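**Q** Sequence:
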Amino acid sequence: MTTAASLVAFPVVAGIIGGVVAVVRSPSPALVSGVQHFAAGVVTAAVAGEVLPDLRARGSLWLIVVGFSAGVAVLVGLRHFDGDEGSGGEGSGGALPVAFLAVVAVDLFIDGLLVATGATVSRRTALIIALALTVEVLFLGLSVALRLTGSGVPRVRAAVTTGGVSLVTAVGRCWVRCCSAARVLPCSPWCWRLRRRPCCGWLSRSCWSKRTRRRSGHGWR
Numbered sequence: 410m411t412t413a414a415s416l417v418a419f420p421v422v423a424g425i426i427g428g429v430v431a432v433v434r435s436p437s438p439a440l441v442s443g444v445q446h447f448a449a450g451v452v453t454a455a456v457a458g459e460v461l462p463d464l465r466a467r468g469s470l471w472l473i474v475v476g477f478s479a480g481v482a483v484l485v486g487l488r489h490f491d492g493d494e495g496s497g498g499e500g501s502g503g504a505l506p507v508a509f510l511a512v513v514a515v516d517l518f519i520d521g522l523l524v525a526t527g528a529t530v531s532r533r534t535a536l537i538i539a540l541a542l543t544v545e546v547l548f549l550g551l552s553v554a555l556r557l558t559g560s561g562v563p564r565v566r567a568a569v570t571t572g573g574v575s576l577v578t579a580v581g582r583c584w585v586r587c588c589s590a591a592r593v594l595p596c597s598p599w600c601w602r603l604r605r606r607p608c609c610g611w612l613s614r615s616c617w618s619k620r621t622r623r624r625s626g627h628g629w630r
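Note that this note's numbering has the sequence shown beginning at 410, numbered continuously upward.
These are calculated hints, taken from the structure and not from any lab test. Everything numeric in this text was worked out from a predicted model, so none of it was measured. Every clue listed holds true.
Label pairs and their computed distance ranges (CB to CB): (1) 467 x 561: 47 to 57 Å; (2) 469 x 443: 35 to 45 Å; (3) 478 x 583: 24 to 34 Å; (4) 454 x 479: 20 to 30 Å.
Quick reminder that beta carbons are idealized off the backbone N, C-alpha and C, glycines included.
Construct all of the structure, not just a fragment, from the sequences and the given hints.
**A** Given below as structure tokens:
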């Protein structure tokens, strides 16, 4: 397991713990909301201070603005659909609020992307983002479990559902990993087997040199 994967494990475990704690003893809504906003502020500060300067140095400013604006628009749109469902979901007789869970899943997927992309910048950036997201996802798990139990979902089912949704954070990290692997697909273990064939030796040597340059040029993963 790489260090980036171990950092993503912290928010995942925090979400599971939050779901279990919520069905046993739930904190006040004011405490949950306050800590979530505090953790979101820490994540925003880490992204603005660590990730954005590196992106600005590598790419165009308008791409960053468009990407950030598109992300905000998507989250606002998802929140709008969640609000529509929430107006009549309290008396649903134990049915799962699918739109609400979809919003949470997208949020956690983006959290996994943040940790994985932060790991490509520096160890300190990934650690700061992972710690902040751990606190945020912990209380997000509390909120999700409370919402499910308030909708009539049994406590055990609410805790299990919250834990399952928390795993989406790891999916976000795996998505970044798969995209990175697809870009450098030849640099995989099968290159070592090709080294035994004279006609393919140049390919394995080229793959190894590209992999070495990528690690030295893009920093820690």
